[in-house]
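Residue numbers for the sequence shown follow the UniProt record's numbering, beginning at 1 and rising by one.
Hint data in this document are derived by calculation from the structure and do not stem from the laboratory. Computed from a prediction, not measured in an experiment: that's the story for all the values here. Glycine included, every Cβ here is placed at the ideal spot set by N, Cα and C. Where hints are given, some of them may not hold.
What the hints assert, rightly or not - Listed next, the in silico SDA-like pairs over lysine to any residue satisfying Cα-Cα at most 25 Å (straight line):
| hint | residue 1 | residue 2 |
| --- | --- | --- |
| 1 | 16 | 3 |
| 2 | 16 | 144 |
| 3 | 16 | 40 |
To be verified - Ranges between beta-carbon positions, derived for each pair:
| hint | residue 1 | residue 2 | range |
| --- | --- | --- | --- |
| 4 | 194 | 133 | 54 to 60 Å |
| 5 | 50 | 127 | 14 to 20 Å |
| 6 | 164 | 35 | 46 to 52 Å |
| 7 | 78 | 203 | 26 to 32 Å |
| 8 | 210 | 50 | 28 to 34 Å |
| 9 | 57 | 81 | 35 to 41 Å |
| 10 | 78 | 208 | 22 to 28 Å |
| 11 | 31 | 130 | 19 to 25 Å |
| 12 | 208 | 120 | 33 to 39 Å |
| 13 | 132 | 49 | 31 to 37 Å |
| 14 | 206 | 135 | 29 to 35 Å |
| 15 | 120 | 93 | 36 to 42 Å |
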Amino acid sequence: MTLTSADFSAIWLTLKLASLTTAILLVIGTPIALWLSRTRSWLRGPVGAIVALPLVLPPTVIGFYLLLALGPHGFVGQFTQSLGLGTLTFSFAGLVVGSVLYSMPFVVQPLQNAFSAIGSRPLEVAATLRANPWDTFFSVILPLARPGFITAAILGFAHTVGEFGVVLMIGGNIPDKTRVVSVQIYDHVEAMEYAQAHWLAGAMLVFSFAVLLVLYSGRKTRVGWS
1 MTLTSADFSA IWLTLKLASL TTAILLVIGT PIALWLSRTR SWLRGPVGAI VALPLVLPPT
61 VIGFYLLLAL GPHGFVGQFT QSLGLGTLTF SFAGLVVGSV LYSMPFVVQP LQNAFSAIGS
121 RPLEVAATLR ANPWDTFFSV ILPLARPGFI TAAILGFAHT VGEFGVVLMI GGNIPDKTRV
181 VSVQIYDHVE AMEYAQAHWL AGAMLVFSFA VLLVLYSGRK TRVGWS
């Protein structure tokens, strides 16, 4: 038995969601991680804890509160409705919002570790050369933290691909709109279509193993050269 058009649609939607989520997380996660790695403010602890919350909270808890916030009576839902955009629940945009929040620690923490490993010496040298903050970031920080960016992008993408609880609660199960691969597998199992479920679940298993293999192989190579 081969994949159906619904399966391919779920795969395409998942890849689109993971790509967009990863891009957004790299944009907003970089300044957060840079601030966390450099600041001495008392806010560092609370902000770091908020970023890491998805690591310890059940997906259903995150999905529940996002559903309330994005719904017609939530503060985000009321704001989007005032703009004539409707609500974000049960939409692809809602999936993006939920995925960004749920996958944030998988992007911010590798970046924070990479920024912290740079140390202060390269930044001090850049300052003596009168480099502005943008020059310092693109000429010094970005090249030195490149492995952290690669790790963050891979983990953010892979984690988004594997989401289930959050996307199901926020987006539901709408074909071609919010039904991602994990939800599609759930549908196949519920319908006792185990052969179809095997195709998708096996692909997810291979993908997850490949991601971990790349990460651990890259880490071993960097350690070997250091």
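Evaluation of the provided hints:
1. Only pairs whose Cα atoms come within 25 Å are accepted, and residue 16 paired with residue 3 is accepted, the gap being roughly 19 Å.
2. Restraint check for residue 16 and residue 144: not satisfied, since their Cα atoms lie roughly 29 Å apart, outside the 25 Å limit.
3. Taken as a hint, the residue 16 and residue 40 pair is broken in the structure, with Cα atoms around 38 Å apart against an allowance of 25 Å.
4. Distance hint check for residue 194 and residue 133: the Cβ-Cβ separation is about 56 Å, which falls inside the suggested range of 54 to 60 Å.
5. The given range of 14 to 20 Å is broken by residue 50 and residue 127, whose C-beta atoms sit roughly 30 Å from each other.
6. With their beta carbons about 31 Å apart, residue 164 and residue 35 fall outside the hinted range of 46 to 52 Å.
7. Between residue 78 and residue 203 the beta carbons are some 40 Å apart, a value that contradicts the proposed interval 26 to 32 Å.
8. At about 31 Å, the CB distance of residue 210 to residue 50 agrees with the hint of 28 to 34 Å.
9. In this structure, residue 57 and residue 81 break the distance hint of 35 to 41 Å, their C-beta atoms being roughly 27 Å apart.
10. Take residue 78 and residue 208: their Cβ atoms lie about 38 Å apart, and the range 22 to 28 Å is violated.
11. Residue 31 and residue 130 have their C-beta atoms about 23 Å apart, which keeps the hinted 19 to 25 Å range intact.
12. Between residue 208 and residue 120 the beta carbons are some 37 Å apart, a value that agrees with the proposed interval 33 to 39 Å.
13. For residue 132 and residue 49, the Cβ-Cβ distance of about 32 Å falls inside the hinted range of 31 to 37 Å, so the restraint holds.
14. Look at residue 206 against residue 135: about 42 Å separates their beta carbons, and that is not inside 29 to 35 Å.
15. With their beta carbons about 40 Å apart, residue 120 and residue 93 fall inside the hinted range of 36 to 42 Å.
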